[in-house]
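Peer 1: In case you want the letters, here they are:
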Amino acid sequence: MSAVSTLATPLLAPAAPRPVRATAPRPARRWQWPLGAVLPVLLLALWEVLARTGALPPNLLPAPSRVLATIAELARTGELWPHLGLTLGRVLLGFGLGTALGTALGALTGYLPLLRRLLDPLLQGLRNIPSLAWVPLFILWMGIYETSKVVLIAVGVFFPVYLAVMSGIQNVDRKLVEVGRVYRLSGLELVRRVFLPAALPAYFVGLRNGLGLGWMFVVAAEIMGATKGLGFLLVDGQMTGRPQTILASILLFAVLGRCTDSLLARLSRRLLRWQDTHGTTT
Amino acid sequence: MLQLDHIGKQFDNGVVALAGISLHLQAGEIVTLVGASGSGKSTLLRLVAGLDAPSTGRVLMKNEPLSGPHPAMGVIFQEPRLMPWLRVQDNVCFGIRHLPAEEQAARAAAVLARVGLSKFAGALPRQLSGGMAQRVAIARALVTRPALLLLDEPFSALDPFTKASLHEHLLDVWADARPTLLLVTHDVEEALVLSDRVVVLHGHPGRISQTLRVDLPRPRRRTSPEFQQWKERLLQAIGNEHSGSTAQKPLLSLSTDANAAGG
Numbered sequence: 528m529s530a531v532s533t534l535a536t537p538l539l540a541p542a543a544p545r546p547v548r549a550t551a552p553r554p555a556r557r558w559q560w561p562l563g564a565v566l567p568v569l570l571l572a573l574w575e576v577l578a579r580t581g582a583l584p585p586n587l588l589p590a591p592s593r594v595l596a597t598i599a600e601l602a603r604t605g606e607l608w609p610h611l612g613l614t615l616g617r618v619l620l621g622f623g624l625g626t627a628l629g630t631a632l633g634a635l636t637g638y639l640p641l642l643r644r645l646l647d648p649l650l651q652g653l654r655n656i657p658s659l660a661w662v663p664l665f666i667l668w669m670g671i672y673e674t675s676k677v678v679l680i681a682v683g684v685f686f687p688v689y690l691a692v693m694s695g696i697q698n699v700d701r702k703l704v705e706v707g708r709v710y711r712l713s714g715l716e717l718v719r720r721v722f723l724p725a726a727l728p729a730y731f732v733g734l735r736n737g738l739g740l741g742w743m744f745v746v747a748a749e750i751m752g753a754t755k756g757l758g759f760l761l762v763d764g765q766m767t768g769r770p771q772t773i774l775a776s777i778l779l780f781a782v783l784g785r786c787t788d789s790l791l792a793r794l795s796r797r798l799l800r801w802q803d804t805h806g807t808t809t
Numbered sequence: 049m050l051q052l053d054h055i056g057k058q059f060d061n062g063v064v065a066l067a068g069i070s071l072h073l074q075a076g077e078i079v080t081l082v083g084a085s086g087s088g089k090s091t092l093l094r095l096v097a098g099l100d101a102p103s104t105g106r107v108l109m110k111n112e113p114l115s116g117p118h119p120a121m122g123v124i125f126q127e128p129r130l131m132p133w134l135r136v137q138d139n140v141c142f143g144i145r146h147l148p149a150e151e152q153a154a155r156a157a158a159v160l161a162r163v164g165l166s167k168f169a170g171a172l173p174r175q176l177s178g179g180m181a182q183r184v185a186i187a188r189a190l191v192t193r194p195a196l197l198l199l200d201e202p203f204s205a206l207d208p209f210t211k212a213s214l215h216e217h218l219l220d221v222w223a224d225a226r227p228t229l230l231l232v233t234h235d236v237e238e239a240l241v242l243s244d245r246v247v248v249l250h251g252h253p254g255r256i257s258q259t260l261r262v263d264l265p266r267p268r269r270r271t272s273p274e275f276q277q278w279k280e281r282l283l284q285a286i287g288n289e290h291s292g293s294t295a296q297k298p299l300l301s302l303s304t305d306a307n308a309a310g311g
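Residue numbers (this note's numbering), protein chains in the order written: chain A, 528 to 809; chain B, 49 to 311.
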């Protein structure tokens, strides 16, 4: 018995992360999952039954099984992957661009009051323009192809990220900043070693909001004009009177959006493990 | 070591916090600033720390005028002020990141052993009790080997037992390297256990009303009659300044606003 345990421990040790005390929420989360799944499963079953009995008009609301079959068919013929890849690529590119710009400008305006007074009113003004209003202008400037789409998504992502970084940095505890000053950190070091880590929780909220808007704007961009992409499938389904294609596309958007968001959530949980807060962020 | 020349401080809102403060600290001396809340003692410490600039007069550190925080100086605040995202070890090394890694590790290990927290080097601040966190803060200040250590009511948030043991820790450390200590407190016993000199601040704006040289032999026992006599004397020195205003005697009063004014 003891021989087994002495053998087993060194094998397990490298895989185990550094001991963290906050293991309590783990079992709780495992129990939460099925409860949250009850309602969607019931609704789907009801929908399936109603569709099969003909209570729902199949030309308007096809059964869930038909929607899934449509996705399977698209995947089998290989038609699905270019749509999926292109949409995902547009979102990621736009997200990257918007995040980079939002982070840089947010950090500057959050850290330097002078720059905030100079820049922030302008940016807040621009923020109040509904971003979709830019679409015609962007198409006019950059054409109907990729550039205008990516830029539109980037604009959508930019504002929540910018706001989160700026307010996150402004709200950093003065007392921690003073510790940095006592150790005579330079401006850049102070930003890197105090401001950025302290603003990280707010930053992640901004990133997730931004990503959500990115997914919203890719739909808008692809509906406006695209020959490929999940948004194109929406329009195509409408034109050809195939609601199962529209629903398939919506479902894929939901799955992709959820996957990318939970990637961010997981990253945030990992990086913010130090937080002493009530409950974990999900 | 440290010289204050006719220091005055007026805040932007027009409030004058300090006027005509002159004080000289010898190397290795332990000096305590006491006084009622609002007498400007924390403000004075911030000026010495280089976190704020005096409106009049000047602070000389090793005969040079101070402009911003001095490298030979450490500060321990009322709260631990640890970076919540750094483990204890990294918090301790916060001020010595410019040193080689081995040197950092060696110094951190030594100083953590000094405050009795070697086992907690890998812990996050949220896993520490208040007293442990404050010990980490002390370790972080000591690891730079400061010639002047400034302490702003560093033990006021702790229970009496923790407080007493940290006094011991502090005196042990002081006996090692003999840094100059300048400490702000409103705890009369703390002032007497630690100090060579007690400086009493009083009034609005704060001025030095008295300086007492504490000649009790070390180690000092709180229960000794001499200590009790000194306590009486110091309480009187502080209390006399309040005899004019009976409305508030923060050190002795039991009224609720005395607590509110404590910070």
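Just so you know, these hints were derived from the structure itself, not from any lab.
One should not assume that every hint holds.
What the hints assert, rightly or not - Taking beta-carbon pairs under 8 angstroms as the criterion, some of the chain A residues facing chain B (in silico): (1) Glu673; (2) Lys702; (3) Leu703; (4) Val706; (5) Pro724; (6) Cys786; (7) Asp788.
Yeah, the Cβ is synthetic: ideal placement off N, Cα and C, and Gly gets one too.
Peer 1: Please go over all the hints and tell whether each is borne out by the structure.
Peer 2: Outcome of the hint check:
1. Glu673: Nearest chain B Cβ about 39 angstroms off; hint violated.
2. Lys702: holds, 5 angstroms
3. Leu703: This interface hint holds because 6 angstroms falls under the 8 angstroms limit.
4. Val706: Val706(A) check passes; min Cβ-Cβ to chain B is 5 angstroms, inside 8 angstroms.
5. Pro724: With Cβ-Cβ at 5 angstroms, under 8 angstroms, it holds.
6. Cys786: Cys786(A) check fails; min Cβ-Cβ to chain B is 27 angstroms, beyond 8 angstroms.
7. Asp788: For Asp788(A), the interface hint is violated, since the closest Cβ of chain B sits about 23 angstroms away, which is over 8 angstroms.
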